[in-house]
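Undergrad: Sequence:
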Amino acid sequence: MEFHDSHEVIFEEKNQSVAKRTFVPFLIFTMAFGVGLGILIGRYAICDQDRDQPRTAAQPSYNREATPDISQQIISGVEAGNIREYLRGLTEFPHLAGTDADYQQARELHDFWKSVGLDEAFITPYDVLLSYPNTTDPSVMNRIFVYDNNDAIQWESELYEPILHPSENKSGVVPPFNAYSAPGNVTSSELVYVNYGRLEDLQWLVNNKSVNITGRILIARYGKIFRGDKVRLASRYGAAGIILFSDPMDYSYGDNAKVYPDDWWLPDTGTQRGTTFMGKGDPLTPGYPATDTAYRVDENSLKGNYLPNIPVHPIGYGVAKRLLGYMGGEEVPESWKGAINTTYRIGGPLQNSGWKIRIRISTRNVRKKTYNVFGLIRGEVEPDRYVLLGNHRDAWVFGAIDPSSGTAVMKEVSRVMGGLVKANKWRPRRTIIFCSWGAEEYGLIGSTEWIEQYIKNLAERAVVYINVDIAVTGNHTLSGGATPLVHSALYEATKNVPNPNPAQVSQGIRTVYDNWKIATAKEGATKPKIDPLGSGSDFASFVQQIGLPSVDLTYEYDKEKYKIASYPLYHSKYETFFAVDKYLDPGFQFHKAMGQIWGELARNLADSLIIPFDVRDYARILQDLVKDLNSSDTGAILRSKMSLDKLSEAASNFSDEVNQFYMMQQNVDKSNPYAVRRINDQLLQLDRAFTDPAGIPDRPQARHVLFAESSVNAYAGSSFPGLIDSTFEITGSPNESERWEIVKKHYSAIIFAIQSATSSLRDVTKFMPVV
Numbered sequence: 001m002e003f004h005d006s007h008e009v010i011f012e013e014k015n016q017s018v019a020k021r022t023f024v025p026f027l028i029f030t031m032a033f034g035v036g037l038g039i040l041i042g043r044y045a046i047c048d049q050d051r052d053q054p055r056t057a058a059q060p061s062y063n064r065e066a067t068p069d070i071s072q073q074i075i076s077g078v079e080a081g082n083i084r085e086y087l088r089g090l091t092e093f094p095h096l097a098g099t100d101a102d103y104q105q106a107r108e109l110h111d112f113w114k115s116v117g118l119d120e121a122f123i124t125p126y127d128v129l130l131s132y133p134n135t136t137d138p139s140v141m142n143r144i145f146v147y148d149n150n151d152a153i154q155w156e157s158e159l160y161e162p163i164l165h166p167s168e169n170k171s172g173v174v175p176p177f178n179a180y181s182a183p184g185n186v187t188s189s190e191l192v193y194v195n196y197g198r199l200e201d202l203q204w205l206v207n208n209k210s211v212n213i214t215g216r217i218l219i220a221r222y223g224k225i226f227r228g229d230k231v232r233l234a235s236r237y238g239a240a241g242i243i244l245f246s247d248p249m250d251y252s253y254g255d256n257a258k259v260y261p262d263d264w265w266l267p268d269t270g271t272q273r274g275t276t277f278m279g280k281g282d283p284l285t286p287g288y289p290a291t292d293t294a295y296r297v298d299e300n301s302l303k304g305n306y307l308p309n310i311p312v313h314p315i316g317y318g319v320a321k322r323l324l325g326y327m328g329g330e331e332v333p334e335s336w337k338g339a340i341n342t343t344y345r346i347g348g349p350l351q352n353s354g355w356k357i358r359i360r361i362s363t364r365n366v367r368k369k370t371y372n373v374f375g376l377i378r379g380e381v382e383p384d385r386y387v388l389l390g391n392h393r394d395a396w397v398f399g400a401i402d403p404s405s406g407t408a409v410m411k412e413v414s415r416v417m418g419g420l421v422k423a424n425k426w427r428p429r430r431t432i433i434f435c436s437w438g439a440e441e442y443g444l445i446g447s448t449e450w451i452e453q454y455i456k457n458l459a460e461r462a463v464v465y466i467n468v469d470i471a472v473t474g475n476h477t478l479s480g481g482a483t484p485l486v487h488s489a490l491y492e493a494t495k496n497v498p499n500p501n502p503a504q505v506s507q508g509i510r511t512v513y514d515n516w517k518i519a520t521a522k523e524g525a526t527k528p529k530i531d532p533l534g535s536g537s538d539f540a541s542f543v544q545q546i547g548l549p550s551v552d553l554t555y556e557y558d559k560e561k562y563k564i565a566s567y568p569l570y571h572s573k574y575e576t577f578f579a580v581d582k583y584l585d586p587g588f589q590f591h592k593a594m595g596q597i598w599g600e601l602a603r604n605l606a607d608s609l610i611i612p613f614d615v616r617d618y619a620r621i622l623q624d625l626v627k628d629l630n631s632s633d634t635g636a637i638l639r640s641k642m643s644l645d646k647l648s649e650a651a652s653n654f655s656d657e658v659n660q661f662y663m664m665q666q667n668v669d670k671s672n673p674y675a676v677r678r679i680n681d682q683l684l685q686l687d688r689a690f691t692d693p694a695g696i697p698d699r700p701q702a703r704h705v706l707f708a709e710s711s712v713n714a715y716a717g718s719s720f721p722g723l724i725d726s727t728f729e730i731t732g733s734p735n736e737s738e739r740w741e742i743v744k745k746h747y748s749a750i751i752f753a754i755q756s757a758t759s760s761l762r763d764v765t766k767f768m769p770v771v
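Under the UniProt record's numbering, the first residue of the sequence shown carries the number 1, and numbering increases by one thereafter.
Treat the hints with care, as some may be off.
With a Cα cut of at most 20 Å, we get these calculated PhoX-like pairs of lysine-lysine [as the list claims (entries may be wrong)]:
no.	residue 1	residue 2
1	K337	K563
2	K529	K559
3	K559	K641
To be clear, the hints were calculated from the coordinates, so they are not data collected in a lab. As the structure is a computational prediction, the values presented were derived from the model and not from experiment.
Could you build the full structure based on these sequences and the hints that come with them?
TA: Okay, structure coming up:
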């Protein structure tokens with residue numbers, strides 16, 4: 001995608017209303033006067049027009065407020081039937097990243113955006129390292145074997161998930177695999193069950209049960225932490241390989257007899273695919289875009305840290321039942337037991353003497369082209385300010401929930417907005433960019449490469465990123481994660497969107513906000529719950545590399561009722577249009593509501609004269625973070641070596657400056673476009689101030705000092721992540737004194753970041769405090 005030159009005039013006009021003049025040899029004074037008068041007329045004259053006549057890009061009003069009726073036109077324009085048909089088309093065939101189907105979908109989306117009235121559409125390719133299993137030679141395809149003491153095969157796993165519904169009978173279905181697994185054949189006479197494969201699980205086995213993990217094959221449940229963390233921890237403990245399975249306790253519900261295709265619950269053949277890459281972006285070009293001229297690191301240098309150096313393979317719980325049945329050893333604690341009808345054992349040697357288990361993996365990593373697609377509505381007044389709406393396009397198989405539910409909704413939002421632009425009924429104040437990312441499933445590759453390529457442009461111009469990876473997993477409530485500045489705008493958007501649940505509407509719960517508050521607000525809370533952002537989707541690099549205010553939205557099932565790890569069919573072959581249409585959202589009313597929320601939030605952020613960021617939310621959340629740190633185990637460890645008073649003082653000073661800035665924001669002269677721009681620029685830069693260019697300790701790509709994913713769970717958010725990671729098991733460690741120096745240095749960097757954010761809110765000529 002090409003961006004306009006950074007020296008572009010802020011308030012651009014495409015046309016001048018003064019007609020061309022032929023040359024007449026007037027006196028120099030007369031010519032100068034005429035030209036000056038023409039410029040003034042062209043710039044400031046107001047044509048007589050009916051108030052209801054739509055404004056075009058040639059007639060911008062620099063200090064206009066957002067037009068209220070556009071909000072309702074966008075909300076009422078979203079149609080559930082369109083989303084349903086988009087989803088049907090998107091899920092007709094598998095579309096794994098880097099395949100011909102992936103490129104074909106990119107072309108179709110590009111053409112769609114051109115047809116619905118967007119000003120421009122682009123496709124940007126990147127040459128990246130992807131990963132695929134062998135699909136042509138059954139003699140080497142990924143598989144698990146059990147051998148007897150004569151080396152005869154007693155059992156072997158199936159290569160593919162069986163077809164359970166006619167819609168799955170399509171070419172291009174990739175067999176279950178974990179991307180970037182190390183290839184190879186590993187055999188062991190011992191199979192060890194490690195629960196969820198977390199650090200505390202492995203420590204318990206080693207310290208409490210004296211289990212020797214070195215050289216063994218491990219079997220772990222999916223859930224609780226990112227699968228890549230499970231593989232990396234297994235490798236660091238010396239395991240030869242690891243098998244991952246979806247336990248019905250985490251992906252089914254109780255003794256429910258109905259599973260897909262008769263319900264939405266995962267059948268015993270359903271297998272979760274997924275990446276094991278521990279970084280973000282193309283593995284071979286860390287920190288830089290994967291273009292033709294990029295320098296690429298040696299893949300082998302990544303093994304054991306960012307890429308696995310042991311084989312890993314996923315299975316369904318039907319296969320897991322078979323493997324658990326072969327295991328010996330004592331029974332596991334109650335908290336380690338799942339819902340498979342078998343005895344869960346710690347393991348060790350298999351029950352039958354001399355029997356062995358073998359993992360055969362032929363997965364190969366190869367460079368492939370993946371494609372981002374962009375559709376753009378050029379801003380009328382501030383074309384150099386970008387409101388970004390994003391969703392990834394690639395899927396492990398059909399991807400009806402992840403990600404195509406989000407893609408279908410984004411298509412409908414773009415159709416509605418593009419139609420208003422095409423009909424000259426509306427043009428947003430700021431530029432809106434619809435972003436369809438490639439190869440997200442492999443490690444947020446498409447979005448990260450784009451950010452790396454255009455980070456200078458985006459750091460200067462981007463306003464916000466709004467992500468909808470999975471639009472709907474249930475009909476219980478909206479679930480939102482966001483950075484603090486966007487909280488208020490998200491609340492306001494949901495207050496304007498009707499509740500898609502008619503039974504609740506009849507009880508007086510009329511809006512999405514009303515239901516969201518009832519479903520998620522903690523006791524005593526006055527607003528719905530908004531989670532901090534971790535990782536797991538394309539917002540991550542926007543937050544971590546730029547410090548861009550970001551949002552991630554989904555409509556979800558009742559997590560209090562269903563204590564499951566995710567929606568049951570996650571990343572399996574059975575995640576089909578049929579499942580969504582039949583079980584998740586018949587009628588697509590919740591998809592429609594997501595489109596209305598997405599569109600209304602984007603409109604408000606793109607069209608409001610003053611960007612609707614509430615700085616008071618940042619001050620409140622920062623104070624809460626400091627309070628929580630002080631009362632945590634990490635805080636106690638820190639106070640054993642240093643004082644945290646300076647952190648509390650910096651947070652307090654930030655809150656004081658926030659209050660001053662908020663008053664200035666409320667009283668800004670809205671008739672002065674330069675005063676408005678100045679306030680908006682300060683709002684734009686606030687979150688950037690909390691980033692450290694050097695990154696947090698041992699994680700240079702994680703630059704936000706307040707929010708980042710946990711180092712032991714890439715899905716979960718962590719506050720003050722650098723402090724928490726640096727002090728983890730620091731007491732008594734061999735290099736304790738060196739680690740404390742790292743902690744102290746990062747503590748200083750956090751205080752500096754807060755002070756920088758504080759100074760960014762001051763009057764632009766008084767940013768330096770008087771000493």
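Undergrad: State for each hint whether it applies.
TA: These are the hints, each one checked on the structure:
1. K337 - K563: Holds. K337 to K563 sits at ~15 Å (cutoff 20 Å).
2. K529 - K559: Distance of about 14 Å is within 20 Å: holds.
3. K559 - K641: 40 Å, violated
Of the numbered hints stated above, the single one contradicted by the structure is hint 3.
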